[in-house]
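What follows is the residue order along each chain.
There are 6 protein chains.
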Amino acid sequence: MAVAVTFGEIMMRLATPGHQRFVQATEFEISYAGAEASVAVSLAAFGHQASLATVLPNNPLGDACLGWLRYYGVDPRHVRRSDTGRMGVYFLEAGAAQRPSKVVYDRAGSAITLAPAASYDWPAMFDGVDWFHTTGITPALGPACAEATASALKAAKTAGLQTSFDINYRGNLWSKEVAQKTVEPMLASVDLVIANEQDAADVLGIHAEKTDISKGQIDRQSYEGVARQIQERYGCAKVAITLRESESATINHWSACLLDADGFHLSQRYTIHVVDRVGAGDAFCGGMASALLDGMGSQEALEFAVAASCLKHSIPGDFNKVTKAEVLRLSGGDGSGRVVR
Amino acid sequence: MAVAVTFGEIMMRLATPGHQRFVQATEFEISYAGAEASVAVSLAAFGHQASLATVLPNNPLGDACLGWLRYYGVDPRHVRRSDTGRMGVYFLEAGAAQRPSKVVYDRAGSAITLAPAASYDWPAMFDGVDWFHTTGITPALGPACAEATASALKAAKTAGLQTSFDINYRGNLWSKEVAQKTVEPMLASVDLVIANEQDAADVLGIHAEKTDISKGQIDRQSYEGVARQIQERYGCAKVAITLRESESATINHWSACLLDADGFHLSQRYTIHVVDRVGAGDAFCGGMASALLDGMGSQEALEFAVAASCLKHSIPGDFNKVTKAEVLRLSGGDGSGRVVR
Amino acid sequence: MAVAVTFGEIMMRLATPGHQRFVQATEFEISYAGAEASVAVSLAAFGHQASLATVLPNNPLGDACLGWLRYYGVDPRHVRRSDTGRMGVYFLEAGAAQRPSKVVYDRAGSAITLAPAASYDWPAMFDGVDWFHTTGITPALGPACAEATASALKAAKTAGLQTSFDINYRGNLWSKEVAQKTVEPMLASVDLVIANEQDAADVLGIHAEKTDISKGQIDRQSYEGVARQIQERYGCAKVAITLRESESATINHWSACLLDADGFHLSQRYTIHVVDRVGAGDAFCGGMASALLDGMGSQEALEFAVAASCLKHSIPGDFNKVTKAEVLRLSGGDGSGRVVR
Amino acid sequence: MAVAVTFGEIMMRLATPGHQRFVQATEFEISYAGAEASVAVSLAAFGHQASLATVLPNNPLGDACLGWLRYYGVDPRHVRRSDTGRMGVYFLEAGAAQRPSKVVYDRAGSAITLAPAASYDWPAMFDGVDWFHTTGITPALGPACAEATASALKAAKTAGLQTSFDINYRGNLWSKEVAQKTVEPMLASVDLVIANEQDAADVLGIHAEKTDISKGQIDRQSYEGVARQIQERYGCAKVAITLRESESATINHWSACLLDADGFHLSQRYTIHVVDRVGAGDAFCGGMASALLDGMGSQEALEFAVAASCLKHSIPGDFNKVTKAEVLRLSGGDGSGRVVR
Amino acid sequence: MAVAVTFGEIMMRLATPGHQRFVQATEFEISYAGAEASVAVSLAAFGHQASLATVLPNNPLGDACLGWLRYYGVDPRHVRRSDTGRMGVYFLEAGAAQRPSKVVYDRAGSAITLAPAASYDWPAMFDGVDWFHTTGITPALGPACAEATASALKAAKTAGLQTSFDINYRGNLWSKEVAQKTVEPMLASVDLVIANEQDAADVLGIHAEKTDISKGQIDRQSYEGVARQIQERYGCAKVAITLRESESATINHWSACLLDADGFHLSQRYTIHVVDRVGAGDAFCGGMASALLDGMGSQEALEFAVAASCLKHSIPGDFNKVTKAEVLRLSGGDGSGRVVR
Amino acid sequence: MAVAVTFGEIMMRLATPGHQRFVQATEFEISYAGAEASVAVSLAAFGHQASLATVLPNNPLGDACLGWLRYYGVDPRHVRRSDTGRMGVYFLEAGAAQRPSKVVYDRAGSAITLAPAASYDWPAMFDGVDWFHTTGITPALGPACAEATASALKAAKTAGLQTSFDINYRGNLWSKEVAQKTVEPMLASVDLVIANEQDAADVLGIHAEKTDISKGQIDRQSYEGVARQIQERYGCAKVAITLRESESATINHWSACLLDADGFHLSQRYTIHVVDRVGAGDAFCGGMASALLDGMGSQEALEFAVAASCLKHSIPGDFNKVTKAEVLRLSGGDGSGRVVR
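Chains as they are written, first to last, in this note's numbering: chain A, 1 to 341; chain B, 1 to 341; chain C, 1 to 341; chain D, 1 to 341; chain E, 1 to 341; chain F, 1 to 341.
One or more hints might be untrue.
Pairs involving identical chains hold if they fit within one copy or between any two copies, as the list cannot separate such chains.
[Stated by the list, open to error] Keeping only pairs whose Cα atoms sit at most 20 Å apart, straight-line, the calculated EDC-like set for lysine to aspartate or glutamate is:
#1 K102 with D334
#2 K181 with E232
#3 K102 with D276
Honestly, the hints are just simulated from the structure, not real lab data. Just so you know, these numbers come straight off a predicted model, no measurement behind them.
One chain only, chain A, in its complex shape:
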């Protein structure tokens, strides 16, 4: 069991039931979500001690959110409660067939965005910790969060932690230009950079060839070049890229690649009937961090992370509620979906 800390916002997720559109829904299903929270949940599910550094409002919605973190086994020690700021919310309408899922963010003014960077004592928080993870969403939340993210990454490197960073570009939070200017300096403190099939182009300006994402067409081999450019330009030891081929909102193909000291590795490719794809990238990050903390080899770790995130697509909610045994069963070749009695 290793010890990990992640840093970021956790929001209330309000999703329409079934495949209802916002305009017709009369109920929302409540869960809690956030990229870095999802990674913490994955790490806890895989047997590690994981905590989320975040700030929650001091009201009953914050209480419920904190309860769910505890429910899924996340160590609550770095969750601060604050009287200023609200609970961030995101509204989700699940797509199907040719209709995309739709997310309406309502996260401005949330408690974490109002917390000063100086309020985190990273060196103390990293004592005895093995791994630190955050994503490009956290610095996008505002200047205080951006400053805190930079400090956290530096403090983590100084303290000898392994660090991972998922680029996770969100166009509604900041522009590509600001994202690039903010993220690039951070990469110096990152051991493992993670991106999806679009992120490198959006934030780092590195494009894959023969790829048209809106048509669901991806040339998987061309991402070796993307990974190598990232490695060379920023000096990160490892680069992992998830590769979603979106045939429709219902049918996705899912795989990933990993470039490390061992070379370039391409995972198997799953064809998935999607139940809920939100959080799959985070499930990949959580799987990869867990696999590496467990000492798996490169290809094995990659396959573990891809299998973990493949399973996420079948589970409602952002969090990847799976066990290590379930992931190993799939990465070991049994994707037949036969009933387990």
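Guided by the hints, dock chains B, C, D, E and F onto chain A, whose structure is given.
Just chains B, C, D, E and F now, kept in the frame of chain A:
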């Protein structure tokens, strides 16, 4: 923004949740539905002023129905309330895989069927109106409705409106023979005839070659012949035919063709994982009317109508709750279903 | 209308809604289930008089269970109520995509397991009865149930009933060795042995060639050999084997074969988008028994049973809530899933 | 165990959840309901063999309805299926506080109303039967039903059954004048007349003194006069009257009186927090019939019937899902509502 | 039919189901709510033309909100859509017994608060309008809203409208001091001031004698003094005060008083089993405005408004979904809650 | 913040929705419950560190249960997972009015009952702990549990903890005689004995005068005698007795008394409209332990415990999800249930 009127019954739709059969359901989901109401909702969603000419019972169920029309932006001015007659109901059990969806109609004695033809003052209602739409269901509801439909179409032509008519054959409302005798004279007043892959055979006796619908096999090219025969026999300026290839209740292929002064146009063909296919034909009618009112060219209008109705398959309920931007995005080529944030 | 008796446990089934995992569910959907109860429901649905010999606890849960048997037309005369023993329960989490469905059994100490074998008066119960069916689950429930099963089969043969036995191996109830030792002597009293693609290997040690079930690969022809070995070794007049090719929890291919005096018959093969696959094997048994009681020929009976169980995959709950007309429509070739109005 | 037959319509009941008004509901809860069906369910729950003579449409809604009758233990032998006529429906909005519950009937054209009176062979149906019950709703459904009701009552008397008739006036089905003219002649064949606090005034023109129902004020003693007038005028052996004092939709006081050869009996009076009061009168009828069939004395039978119907107010749905032991516990004095473990 | 305009924010209301606490809820029921929107809905329900002046965000949540206004018959002409600002939200946990309901507001930064005061053209909006209503919540939303409220009231007086203002003090939006300083000058333009039993004390510093609200004790007569002081100090023609005696979250007593040229009027007092009390004050305002627009006398109008708001307590959601006939029935004396068939 | 340990079983609670009876329910609401778990939740909610010593099965149902303990802030360190034994279940049907709630236990063979007494190392577990609580349910679960309970109480006294014991007699688990023989010797190690109005009579043979519980009649003063006898006979420092006067399942009166060195204290008495009364006794125990750990005086502690458990009646589920501030507000006199904004 153009102005449109549609004419027909609106019913309460009571659907079993999930894929439950009638025999096991303990709840029904309530919505409101009807071919011509759906077309009005589509036109309103695409920015036009649309009203539905209909009759609703003067009870709380009628109140709710009227509320939903207003909810979806339909102009309520031509909804009459009556103390005689009931709210028509249809019960829906959603199929899946090899099991078809099942509809139980309970619409006899509904308010609209008891309203005399003379109670509609079409010339007054058509003042300032651009488009009139109705379907073969309305005249099938009884003699008064049939007479009113014929009068409406004539009055519309006289007043210079564009008219569209969806054949929409319902075997449980009338026989093919009566349908043919009733519908054929009406077509003289119709500019745009719309049919599905079966209607022309059922009502007009015009068959497509190499087509076996119960096996999901359709020869798309052969429908040019069907369209040309309709055009020649009834003198309609435009003929549009939707082409459903039903592989199973879950997997459908969907496309359409249009014959007009410009020639014969065949749309792209979508493969769809069906959420709810009821109302797709009406979504096509609404899309086509809107596209033509907006002045789109033939192929563009056809692709707009097919994309609109493709999206309908992903939405619970009869009404096509989409925006023009969403349709254009799909007809423009993005059917990848990637999350919109 | 023939008369049939089945013998086995009926449990409360508590299923998470949608595709929720156990860990996130806050509600269970209640239904009642059990292999032999499902067969009785199928027979009743197809027009036969069917009763289930079982024991239910004398509490409100037992009342509800009995109500549902009556609801689905099962003759309740052989349902005994007991003050000792509980209602067996099974918890179900429905899988999707690469994630398998998961069953947690909680059936120890149920009322039927505590009823002595001597408490069933089989000769009296079989008076005027045409068919007796049970499965390998019943003897696995404990010594009293095993003894009662053996007695029932012998009494049925003596009374001139047709008997069917579905091997239905459950690894969590007993070992393969005990299963084999218990089941093999029973087969002497069985006219129709039914197995799935794994059962013969698990319980009888008879393996199909070129088959890797966890990869969803099945060589359908090789099951002729399996069937012939069963027939030869145990002297059963008929052997039917269902053949599930599980591509994922969502996509299954489904077919079956039958060996009888007429020779070896292989059914058509359906590709199914799964709604709920639990109970499909029992739907096959029920379909086969009904078809044979109705006097259908071998291939026709096989196709009826496969079509019936194909439809089961589209229906929530274990019971196969279909009519004979619906099955014949599918076995007759219409699997297009077009709406029935 | 005695044998009873009841005669009347059974409808689908569609109720808004919670205390929602029709105008805001997006779901209906489905159950099945009807005065005479409720009495049959009560009798079956209390251990008698009870059947409902009725006609159901030959569609899946009729199948479900029949299933529920079987579920609650009603003998289905006198349920006829018909291809003409629909399933009657009633919509229910549950009131609260000062807001009354609201019922919208949609029962015109239901299967039972279209069945000719000659289609019932009452002498055959009454063979071996002890009790016959119907209500003033059945003759109100139309001429054929009125004729059938009169024939049934006469046939029952001829065959030596005990007969009970609940006046059950429904102003939306017929006028007071027609009701009086139709019901009065029937009373000659009735042993036990049942009425609520309004019925005698509405249908028979017999008024209680000092009573203003819309204010919830009832003079319980004055109903002795009402009962005596009914007895004298129509010669019925027994007259029972339920006495609802409706303080609000939430708070009701509930009692009843019985006049028989033994004299006039007044029951205890319960103050009830109402969950669902629909069907309480029928629960009284069922309780009274059961108690008399069981040979209870007058006061005991009255208290049993009042306690049974008191409990009905706490149960969702029309049917009174209670056991004899539960009723006896309450009539025996324990209304404390302490948890039963 | 008169014409009315109200001005204020409309929010999304997210309520836990049943009596669940926030911390245990996994679903929210969605509706839309706001004091001034509720008044507009009441006026529309009572047959007037009512519009709400407000600003909604230009996203699907705003679309849904607008749909519901139309659904309940509110004229949407003064609803502006904006690309800046979010949809205000309030979270509701319904109390019971001794546990109070709890509201968590999340309305900061909503679209209406970001709209400049100059963006409303009141003189144009008041053309042909009879009544203007707003509440103390609107100016509490921020400086722009406060300025717009003052302008609106002045413009309304100038244009000859009748004006009403509900003090509606919300301690979480502003302090009593700021409220007093802001509200007092506005009262010069107000014809009808409405307050609840606390507002006058909180905002105007005018206290009722012998009243301890937290114990549910109110001296109804002492409010005559409160009303007279308001009238004298601010010169308003009419003062109405609602008087809630809260025995518990479940049991409330509800009445009101009105002071006008006619003198002081005290209404009847209802004892209510509460379903949902949020919005009752607004239902009173809507009832009062409607009654006065309809020309009712003082006592009659007061009783109408109290009966309307009494009924609101029985209905889930903020809006008072009742008809004029239902209110008149209650104010006319029938509060028995007997089923309406 | 003090440290507390409780010991006992935690079960899955499956409750019918609304006021549905078991026989009509098609869904169960899932929560987790148990007397000692509830006390731990209360202590955690009031700010103490509380852990539950228990044993859970090693399956997904056990995972979910453990998650909920963490959710509500219970320290999970003493929850053991076991491969033998099942999850205990209790089924709940919520009563209303005169109909009592009904509990069906299905807890035989649960994991905790199969754990040997020696598997608990109480001295180690009590290191640094201030308070130990258990109830009469734990020893009733079987010999191993009885032995473990006795050891735990002795070890707690030895280690200097304060101990509390709620008699909590369950007639379906053991007879009064066995209960008395088992419980009496334990009381020597108990500082605070808690009982409800029946327990002392059932288990200790000490009866209150002038009390008939099934009629809801309690003579509150007579419980001083009961408390004094318990104190004298067993030498417990403190005796607390809860006093439920059950008028109906909906209306309860609730109070308690405490006898300690200070004398006899009687609390205020609340009249409650019950939402869910299960767990109220445990809420009292948790409130009392918390109050005493916080150093409150006798009357103050008693009022705190009574107010806490009064609030529990308004909350669905066994656990008392309230804060200390909410309890103090009620015990301080505000039970008006006015909305908190």
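Flag every earlier hint the structure violates by its number, smallest first. Of the numbered hints, all hold.
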